[in-house]
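Asks: Each chain, letter by letter, is given below.
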Amino acid sequence: MKRILLAEDNAHLRELVQDYLSANGFEVDVEANGIAAWQAIQTQDYQLVLLDVMMPGMDGFELCRKIREQENVPILFLTARVQEEDQLYGYQGMMKITKKLK
Amino acid sequence: MMFLEDYFSEQEIEDCLAWIVPNEQCGIRRKFIIRDIAGYYNEDGRFIPVKVIFEVEGSDQRFILEGGEAAGYAFGMHIDTEYLILRTSFYKPTVKSIRLLCQLMAIVLIGIYLYMQKKERKIKEMRDTFLNAIAHEMKTPSAVIQNSVECVQAGIHPEKQEHYLDMIVQEASHMNELLNGMLVYTRASDAVYKLNKESYPLEKLAEQVCSHYSVIMEQKGITLQWVKQDHKVASYDVRLIGMVLDNFVSNAVKFCYQGGNICIYLEKRGIRIFNEGDGISEECAKHIWEPLYKGDASRTAVSGSSGMGLAISAAILDLHKAEYGMTNVPGGVEFYFYLNE
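Residue numbers (the numbering used here), protein chains in the order written: chain A, 1 to 102; chain B, 1001 to 1341.
With a Cα cut of at most 25 Å, we get these calculated SDA-like pairs of lysine to any residue:
#	chain 1	residue 1	chain 2	residue 2
1	B	LYS1139	A	ARG14
2	A	LYS2	B	LYS1160
3	B	LYS1228	B	GLU1323
4	B	LYS1160	A	TYR20
5	B	LYS1254	A	PRO56
6	B	LYS1160	A	ARG14
7	B	LYS1160	A	VAL30
8	B	LYS1139	A	ASP19
9	B	LYS1204	B	GLU1218
10	B	LYS1139	B	ILE1168
11	B	LYS1160	A	LEU21
12	B	LYS1254	B	ARG1272
13	B	LYS1160	A	ARG3
14	B	LYS1160	A	GLU27
15	B	LYS1139	A	VAL30
16	A	LYS2	B	GLU1150
17	B	LYS1254	A	ALA11
18	B	LYS1254	A	ALA32
19	B	LYS1160	A	ASP19
20	B	LYS1160	A	PHE26
21	B	LYS1160	A	MET1
22	B	LYS1286	A	ASP59
23	B	LYS1139	A	MET54
These are computed hints drawn from the structure, not numbers from a lab.
All chains should be built: construct the whole structure from the sequences, respecting the hints.
Replies: This is how it looks when you write it as C-alpha cells:
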C-alpha cells in the first residue's frame, strides 16, 4: 500500500484529507506541525509527502528544503492561500494543489 | 500666531489662492501652521525661501522643506487651503509681502500634497494588508466546509457523516464569529465613532463579565481572586468597555493553567487581569494588538482564536484614549487598561 505523510496544522482539514485518501486506498500518517513531520520522515519511507505551507514550529517551505537535502520523495503543497501559491512558483519541480479534495 | 485674514481681505486671499491654485475643484482643506522660515531676497527682489518648518493640523509630524525653487511645482496642484497662520507678522501688507506669502503657501502646499500622498499610500497599504488577512482567514474554514461536503457527497466513511456535518456547522460558526469581529473592529477603528459614555462602576462590570466564565473556570479548577483598591473611574462606554473586559477575561481563562489562578486588580483608574500561564514572546507582544494576528502557535493552538479580540479591544481603548497593554510577570501574563479621569 502506498504510504503518504500529511503535515497540516488545521485539525479538521487534516482529518478530512486523511479520510479521503485512506478511503481511496492510501495509508496516511498525519502530523500537526513541521517538526513532527520532519521526525516522521527520518523514521519512515513515504511515497508522497503532502505539506501545508503555514505550520507552527517549521513551515512547509523550510521542511521542503530539508527533505530535498536528504531525498527525492515527491512533495505536494496543500494551500488555501493565494500568496503562498505565488511563492511556490519559486520552487522548481514542486507542485501545489489547493485544499480541495477532488 | 497671526491669521492671514487679519491682514488681507477675503478678495485678496482669494486672488492669491487663485494664482497658486488655478483649479478650484479642490478637496483637501486643512489648517497648517508655519513654525519657522528662513530665506533671502534675490537680485530681482524676490524672496527665496530656503527652509520652512511647518506642521499640518491633525498630524504630529513637523515638516521641514528646503529649497525655494521647489515652490514652482506647487502651481496647478489641486489643493485648497483653509487659512494660513504665520509665525512672523507683516507690519504693512504690500505687493512684496503678498508675493512672499504666496511663495510660502506654495511651499506649504507641496508639503501638504506630499503628506497627503504619503498618508493615502499608508492607508492603502493598511487596507490591503487587512483585506488580505481577512481573505486568508476565510479561506481555511471555507476549505473545510467544501471538503466536508465533498466527503459527504462522495460517501467517504458513511459512519462519519454526522461528524462531517458537525464540522461544517463549527466552521460556519467560526466564519460568522470572524465576520462579526471584523464589523465591530471596523466600527471601533473609526476615529469619529461616537462613544456612549455613562458612569458605571468598573468593578460591577468586571463582576458581570466574570460571572459568564464561572462554569468554565470551575471546570478548569481556576481560582479567581479580586484585589480591590480605591478605584474611581470616570464615565466610559459601558457596552464597549464590557467587550474589552470580556476579551481580557476570556483570554485569561483560556490561557490559565489547569488549576491555576486568575487575579483581577481594580485600581484607581482601571484594571489589571493576571493569569497564571506561559508568557508571551517578545515578537508576539509587538503584534498582539493587530487584527488577525495569531503569532504564538502555542496560544493559537490553545484558543482556536479568531485573532480579532485584542485588535477590537485596542480600537475601543484608543477611542477612549486609554492607556493599555500587556506584560509578562512572574508566573504569568497581565493585561491592563487605565481610563482617563
